[in-house]
Amino acid sequence: MWCIFHCYTSLTCLSHVLLALVIGGLIYFLVQRSKNQVLTTEDGWWGSGAPRDAGEDDTIRSFRVTTSDQELEDLYRRIDLTRPFPSLEDSQFNYGFNSQYLQKVVSYWRNEFDWRKQVDKLNQYPHFKTKIEGIDIHYLHVKPKKVPEGTSAVPLIMVHGWPGSFYEFYGLIPLLTDLSNPHNLVFEVVCPSIPGYGFSEAPHKKGFDSVCAARIFHKLMKRLGFQQYYTHAGDWGWLVTTNMAQLEPKTVKGLHLNFAPPSKPGLSMALSMMLGRHFPKLFGFTDFDIQRLFPCMEKLVVESIKETGYMHIQATKPDTVGRGLNDSPVGLAAYILEKFSTWTSHDFRNLDDGGLTRKFSLDDLLTNVMIYWTSGCIISSMRFYKENFGQGLDAPHAKIPVYVPTGFACFPNELMHTPRLWVKQKYRKLVTFTPMDRGGHFAAMEEPQLMAEDIQKFTKIVEGKVKE
Amino acid sequence: LWLECSVAAGGIMAYIVYKRKKPRTIPLGDGWWGVGEKTLSEDQKIYPFQVETSDKEIEDLYERIDRTRYADPLEDGKFHYGFNSTYLKKVVSYWRHEFDWKKQVAVLNKYPHFKTKIEGLDVHFIHVRPPHRENQKVLPIMIVHGWPGSFYEFYKILPLLTQSHDGVVFEVICPSIPGYGFSEASHKQGFNSLAAARIFLKLMERLGFSQFYLQGGDWGSLITTNMAQMKPQCVKGLHLNMCMSNRGFKVLLSLLIGPYLPFLVGLSREDVRRLFPFFEKNVFEMLRESGYFHIQATKPDTAGCGVNDSPVGLAAWILEKFSSWADLKNRDLEDGGLERKFSLDDLLTNVMIYWTTGSITSSMRFYKENLGSNLNNRVDFKTEIFVPTGFAAFPNELMHCPKSWAQIRYRNIQSYTFMPRGGHFAAFEEPQLLADDLFNFVKKVEKS
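Chains A and B are the protein sequences, given in the same order. The first sequence maps to residues 55 to 522 in this note's numbering. The second sequence maps to residues -8 to 439 in this note's numbering.
By construction, these hints were calculated from the structure, which means they are not laboratory data. Quick caveat, the model's predicted, so the values are computed rather than measured. A hint or two may mislead.
Some, not all, of what chain B presents toward chain A, calculated at C-beta under 7 Å [to be verified]:
no., residue
1, 60
2, 74
3, 178
4, 277
5, 279
6, 282
7, 411
Each residue gets a CB set at the ideal place from its N, CA and C atoms; glycine is no exception.
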């Protein structure tokens, strides 16, 4: 017995030493490899048919959102033709959008929601369209009314995600372009629609992924006369702006994000998942981090599987899944609003009304849905998933870290919780990391005040550094 | 030495006892799926049923089809992004202008339909007796469909089964799974394959059959397997064209060694051809084709909402499967190879069953009810099947299951046939091949 014990301890000692050597070697190897890599890309053409020989029309045209009686009548007729199917007794939002509550939302939509009034609201900011790489790109361009003497407005591009739109930022824009607080910076904001979303034309060719969107947005900003700018984004916008920072690190002064899921689990992330619960201090984990991440299997794997069905089907069969949604406004609303419920808080799945109107007004939610409905863009919006996941998780941009100053706003109910350590794995120059008190995935729409404050805080620090 | 011997003997005895004690059946249980509280007594009568339609129903369908808002497909997208829009327009044009639903309803009604209430739900089924019964051995059989199919998938095989084959002929019962087609959908949560199996056993009992055969593919294979596990004494034989194989050590081992030494792990050359390269052929393909599975198993109410309003959306959702699951290579074709094995009339009749009954959402819920909790921990997945079993392995089935893997749970395999052609919808695509295999299997069982 003594013999066995002795052998065991020396074996474990030996194995520990070996393990340390291997890990040390790996770290050294990895550190050596990650040099200042820049993402490269080629030009693209997304119009139908072949690109025309004559140069592209690069004029910027004013654009107004419009509607018509015909559009509204068609919508109402379809709503009236809906064939609802009752949800199971006592199932709340656990099987998806609850049918009984959906009837209430639809009734509001049919009888009280005023689309013409919302269109006016959409038009309160100036909209434009311009052709880039063969497709019409839509965007808002909001200049501040006044700028403090001797300064200029800070250019900022904000990119939405799915199933959102430029409209998500309507609560945030006034806070950023407003001069009431003399200590605050004033921004000049550009909010484009990702091609295939809302009023931006959908690509006609295969292969339009986040890097293509990033390249197009760089061209847009250059066409508007900006040499350097900041970015803010969440959801898909996170990946598009990250790609922008990877493509042109000198042009992107600062990258502000509220969503940053790790694309490739690195060594430190893997170690933290294994040992983080027992040695939180070692990885810089707060109590909240522990609560959100462990037990890993349940919190990360099972929760993901429960909520990523849409992602799986959109990344494989977007034309099939979008097909019915482009004919049925109620189906479209259920599909989109389910996310506004569950991604604001997972607990909302146990509520009869999905907690939908706790953080959002029906007017705002339906306006976002109407942008998808009137533009008929649901299928093209879903294709973005296939184009991005089509290459698997091994795209070149997933392997290149980001050296542009980054600010991360960590909202407690975000879909994928990323502690500081995990964000730093990719964003090597993490200037600010702010744990927020409240808010979920659609943070800009839910908590515009908190978001504006964090953008201010981050930008001031980066601008301060530049002045030094 | 004495000590070691007795320890070994004790160990062997414990193993034997353990093995004996392993259950050979799964509990029957009970359920109530109707609205509100369970009623004291249930109406057990069997009522004849006719499929009907009306001008109003057809006009409503046409109005919705005319309102379809098409989107351009990506250039050269074929069927890689899902159902191709350009080809969909052709299918829909046929549906709108040439497909005759009234005629198809007459086709549906050529066999006698019935409904009866079991566990609070109206269960629909067709009951087909062979035309000639004299001097024949008439064997009762229940055939169960899957998703996105229906009892209609069997309309081609029914005439073959009700015709004598060496003095053997079938009397066929084809039910609709509750929540599919003309069977009422459950109003309570938890309606899974075990509940469906029990309801179908009660149905056979109510029809007066004490012993019968079973045939199934897709969900039907799981339900009929459950039936054989619940009442093996009633099930003379179980014939499947799809097998959900276990994972586990034995499977893993055969995956690792299979490509190099197949015979060592019980794989034949045909198995190797169909299985490997495993990751490319099975795992990646599965990932590419299982998006619908994932969303239906998690958010069926959301997924079903839009397709219950849009007949074109419903057709795309369902017919995409009839394209890919007949042959995965169909994704490379502009028309998805849809009409190579099926006629548009047959395909659209199946879609119309989902459309006119509005049952798409409840049909999707079946995925969540079965997969909501970890399936591998469910009692039926840990219990073996001892009833005589036959497998028809079609080459284009979604996932190939070699005999050695099937044997892990199906302990009494009497026949295992590599079929020359055909995919997932075997009865629909290759009725003659399936019928032949079924007759061969049944004759084997009857002899022993």
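Quick rundown of the hints versus the structure:
1. The closest approach between the C-beta of residue 60(B) and any C-beta of chain A is roughly 5 Å, which is under the 7 Å cut-off, so the hint is satisfied.
2. Interface hint at residue 74(B): satisfied, since its Cβ lies 5 Å from the closest Cβ of chain A, which is below the 7 Å cut-off.
3. A least Cβ separation of about 6 Å between residue 178(B) and chain A falls short of the 7 Å threshold, and the interface hint therefore holds.
4. Evaluation of the residue 277(B) hint against chain A yields a violated restraint, the C-beta minimum of about 11 Å exceeding 7 Å.
5. Interface hint at residue 279(B): satisfied, since its Cβ lies 5 Å from the closest Cβ of chain A, which is below the 7 Å cut-off.
6. Nearest Cβ of chain A to the Cβ of residue 282(B): about 3 Å, under the 7 Å cut. The hint holds.
7. Violation of the interface hint for residue 411(B) is found here, the shortest Cβ-Cβ separation to chain A being roughly 29 Å, above the 7 Å cut-off.
Comparing the model with each earlier hint shows violations of hints 4, 7; every other hint is respected.
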